[in-house]
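2 protein chains.
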Amino acid sequence: MSVVASVSDKKGKDPSIQPLVDLMSEGMEAVNRLILSKAGSNVEMIPEIARHLISSGGKRLRPMLTLALAEMFGYRGEGHVTLAASVEFMHTATLLHDDVVDESDMRRGKLAARKLWGNQASVLVGDYLLGQAFKMMVDVGSLEALRILSEASAVIAEGEVLQLGAAQNVETTEAQYMQVIEAKTAALFAAAAEVGPVISNADAAMQQAARRYGMDLGLAFQLVDDALDYGGSSADLGKDIGDDFREGKITLPVILAIARGSDADRAFWKRCLEAHEIGDGDLDGAIERLRQTDALADTILRARTFGQSALRALEPLPAGPIRDALAEAVEFCIARVH
Amino acid sequence: MSVVASVSDKKGKDPSIQPLVDLMSEGMEAVNRLILSKAGSNVEMIPEIARHLISSGGKRLRPMLTLALAEMFGYRGEGHVTLAASVEFMHTATLLHDDVVDESDMRRGKLAARKLWGNQASVLVGDYLLGQAFKMMVDVGSLEALRILSEASAVIAEGEVLQLGAAQNVETTEAQYMQVIEAKTAALFAAAAEVGPVISNADAAMQQAARRYGMDLGLAFQLVDDALDYGGSSADLGKDIGDDFREGKITLPVILAIARGSDADRAFWKRCLEAHEIGDGDLDGAIERLRQTDALADTILRARTFGQSALRALEPLPAGPIRDALAEAVEFCIARVH
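As you go down the protein sequences, you meet chains A and B in turn.
So the first sequence is numbered by the UniProt record's numbering: it starts at 1 and just counts up by one.
So the second sequence is numbered by the UniProt record's numbering: it starts at 1 and just counts up by one.
Take these hints with a grain of salt, some might be off.
If several chains are the same, the list does not tell them apart, and a pair holds so long as it fits within one copy or across any two.
[What the hints assert, rightly or not] Subject to a maximum C-alpha distance of 25 angstroms in a straight line, what follows is the list of computed SDA-like cross-link-like pairs (lysine to any residue):
{"no.": "1", "residue 1": "Lys249", "residue 2": "Asp294"}
{"no.": "2", "residue 1": "Lys115", "residue 2": "Ala167"}
{"no.": "3", "residue 1": "Lys270", "residue 2": "Trp117"}
{"no.": "4", "residue 1": "Lys270", "residue 2": "Glu44"}
{"no.": "5", "residue 1": "Lys110", "residue 2": "Gly165"}
{"no.": "6", "residue 1": "Lys270", "residue 2": "Gly118"}
{"no.": "7", "residue 1": "Lys115", "residue 2": "Glu274"}
{"no.": "8", "residue 1": "Lys115", "residue 2": "Pro47"}
{"no.": "9", "residue 1": "Lys115", "residue 2": "Glu247"}
{"no.": "10", "residue 1": "Lys115", "residue 2": "Ala275"}
{"no.": "11", "residue 1": "Lys249", "residue 2": "Met45"}
{"no.": "12", "residue 1": "Lys249", "residue 2": "Glu44"}
{"no.": "13", "residue 1": "Lys270", "residue 2": "Arg212"}
{"no.": "14", "residue 1": "Lys249", "residue 2": "Glu48"}
{"no.": "15", "residue 1": "Lys270", "residue 2": "Thr293"}
{"no.": "16", "residue 1": "Lys249", "residue 2": "Gln120"}
{"no.": "17", "residue 1": "Lys249", "residue 2": "Ser41"}
{"no.": "18", "residue 1": "Lys270", "residue 2": "Met45"}
{"no.": "19", "residue 1": "Lys115", "residue 2": "Pro321"}
{"no.": "20", "residue 1": "Lys115", "residue 2": "Ser104"}
{"no.": "21", "residue 1": "Lys110", "residue 2": "Met28"}
{"no.": "22", "residue 1": "Lys249", "residue 2": "Asn42"}
{"no.": "23", "residue 1": "Lys270", "residue 2": "Gln120"}
{"no.": "24", "residue 1": "Lys115", "residue 2": "Gly77"}
{"no.": "25", "residue 1": "Lys110", "residue 2": "Gln120"}
None of these hints come from the bench; they were simulated from the model.
I would like the entire structure built from these sequences, with the hints used as guidance.
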């Protein structure tokens, strides 16, 4: 049976991340232990900040991809655990630097590290975690995995710089937006998945399929995230509705609403997102405009398209409970929006 | 003949970095070409900022160490050029992040990147250069070189966090200061030198000697730098006298002056460096206090001690023009202070 199904239009029980979590629970416990031990340092502030971030949760989707795509090919050893932890460190470093760049106050429902320890410490502890991530990758000893993850590291930063240029500019195009999310989010999902077959010595076609799956899942994930910022449950995300709006981020829902709105609508978005003149009721006004133009629905539609592509990418991979769980993870990421 | 000589008390001509520059000129041209090509990106701001930093000069001492310590062992190939460029990228990334953390306005006599492009771009372009640095190291394919340089990357960040904790605290001890400069400066000198014998397949004793040389040279270099901040020619350094003083940095000259001064002196340093209440004449007052307590002279004396140790570390390495040039580079770093 094909793993491709209509994404998130299944009847019956809601799709869940739980099967993947259950299958990877042993490996993820090892990842969490490694993360805590490698976040240690004689320099007091480092483990403090690292533990703050690490204990603040998040689903650890990226390291789970690394474990799952290695175990799927019967990987034996500890290398996948080490690579998974280094993927999470890369992600955590990015979050620390992102919050500084975006001047964010909150992260996953807690005060952002930069509000607690300052921008300076956030920059430097991010650098430290990135250094530790590379050290761990070197421990694993796969030059190909190192190549994939160091490439992702450069691409993520490039995407962030691109986003900075696009930030608070209502002229940003859909193509520019897609380029940004591919670099800043999907590239790490892709790399996290790709290194699984690589360290398992699976063949190049498997490596490419895993990469495609991670990339498309990452794109779907970010599109849904950007839609959720204007609606949906904030408890799931640990982020409040309207964060992107208040920070002047130009995401796909906004790009679609501007393209489809009137000149007066455009002036509204310009005032809120470029000039940061946001008054009472403006967030409601933004959400209303997104609804009128079908911008949220069409953002989700695009996420579904990438979700379908992620499911197709799974087809050549070995059938079994891991593949089924990876397919359900795609459905779950998209179903978050209901 | 031993390469150990009394550092910088030679009669006759001044010690110079020129012999090392001349010997490495061909390799450094290749390094510079590689740096410019790898600093490229479709994202406009990246090459702009990278070129600003790269063209603003500096002596490129670190990549020269990598080239010299590889060529000394007859290295054939391009790997040493690639590693040298990645060392310079690591250094440049550190400078970008440092300027953000220190809120510096100037770097090598030009406006700091953060003043021209903003803190956000400086953080992200630093991340990009670090990612590129790791990609280049992976291209060389030496896991041992990767281990050494990724370790340095984590240690540098750790040192910066430590410095942040010590910053603007006149209780900082000499031991804490030494720990900071070993991590934030000397670790990269050590790694840059160590990877030379490593990729040349020289034996472990050579690798250790190169590392020791780099470490001690780095310590001497930073001690002299910290002394120069309170006197000497600013044209040489592209930094103005009193930068550290205005930023509240607690360096060895200040630590010695506080330890040897009166309670009134201590109150003076506390006011200037902790409370940042600096008025006209305070920099002169600081320099006068450093002179009265022999703090600058003793800082230089410590630099000389590390310089001697760097020269001793060179002894087991192959004799010849490269070793002579590396010895003279030590003398040059210390002679900057006269």
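Taking the hints in turn, this is what the structure says about them:
no.: 1; hint: Lys249 <-> Asp294; in the structure: within (19 angstroms within a copy, 55 angstroms between copies)
no.: 2; hint: Lys115 <-> Ala167; in the structure: both (22 angstroms within a copy, 19 angstroms between copies)
no.: 3; hint: Lys270 <-> Trp117; in the structure: between (33 angstroms within a copy, 23 angstroms between copies)
no.: 4; hint: Lys270 <-> Glu44; in the structure: between (44 angstroms within a copy, 24 angstroms between copies)
no.: 5; hint: Lys110 <-> Gly165; in the structure: between (28 angstroms within a copy, 24 angstroms between copies)
no.: 6; hint: Lys270 <-> Gly118; in the structure: between (30 angstroms within a copy, 22 angstroms between copies)
no.: 7; hint: Lys115 <-> Glu274; in the structure: both (24 angstroms within a copy, 22 angstroms between copies)
no.: 8; hint: Lys115 <-> Pro47; in the structure: within (17 angstroms within a copy, 31 angstroms between copies)
no.: 9; hint: Lys115 <-> Glu247; in the structure: both (16 angstroms within a copy, 22 angstroms between copies)
no.: 10; hint: Lys115 <-> Ala275; in the structure: both (24 angstroms within a copy, 22 angstroms between copies)
no.: 11; hint: Lys249 <-> Met45; in the structure: between (31 angstroms within a copy, 19 angstroms between copies)
no.: 12; hint: Lys249 <-> Glu44; in the structure: between (34 angstroms within a copy, 20 angstroms between copies)
no.: 13; hint: Lys270 <-> Arg212; in the structure: neither (36 angstroms within a copy, 58 angstroms between copies)
no.: 14; hint: Lys249 <-> Glu48; in the structure: between (30 angstroms within a copy, 24 angstroms between copies)
no.: 15; hint: Lys270 <-> Thr293; in the structure: within (17 angstroms within a copy, 61 angstroms between copies)
no.: 16; hint: Lys249 <-> Gln120; in the structure: both (23 angstroms within a copy, 15 angstroms between copies)
no.: 17; hint: Lys249 <-> Ser41; in the structure: between (35 angstroms within a copy, 23 angstroms between copies)
no.: 18; hint: Lys270 <-> Met45; in the structure: between (40 angstroms within a copy, 24 angstroms between copies)
no.: 19; hint: Lys115 <-> Pro321; in the structure: neither (42 angstroms within a copy, 54 angstroms between copies)
no.: 20; hint: Lys115 <-> Ser104; in the structure: both (8 angstroms within a copy, 21 angstroms between copies)
no.: 21; hint: Lys110 <-> Met28; in the structure: within (23 angstroms within a copy, 48 angstroms between copies)
no.: 22; hint: Lys249 <-> Asn42; in the structure: between (38 angstroms within a copy, 21 angstroms between copies)
no.: 23; hint: Lys270 <-> Gln120; in the structure: between (31 angstroms within a copy, 22 angstroms between copies)
no.: 24; hint: Lys115 <-> Gly77; in the structure: neither (40 angstroms within a copy, 49 angstroms between copies)
no.: 25; hint: Lys110 <-> Gln120; in the structure: both (19 angstroms within a copy, 22 angstroms between copies)
Hints 13, 19 and 24 from the list above are not met by this structure, while the remaining hints are.
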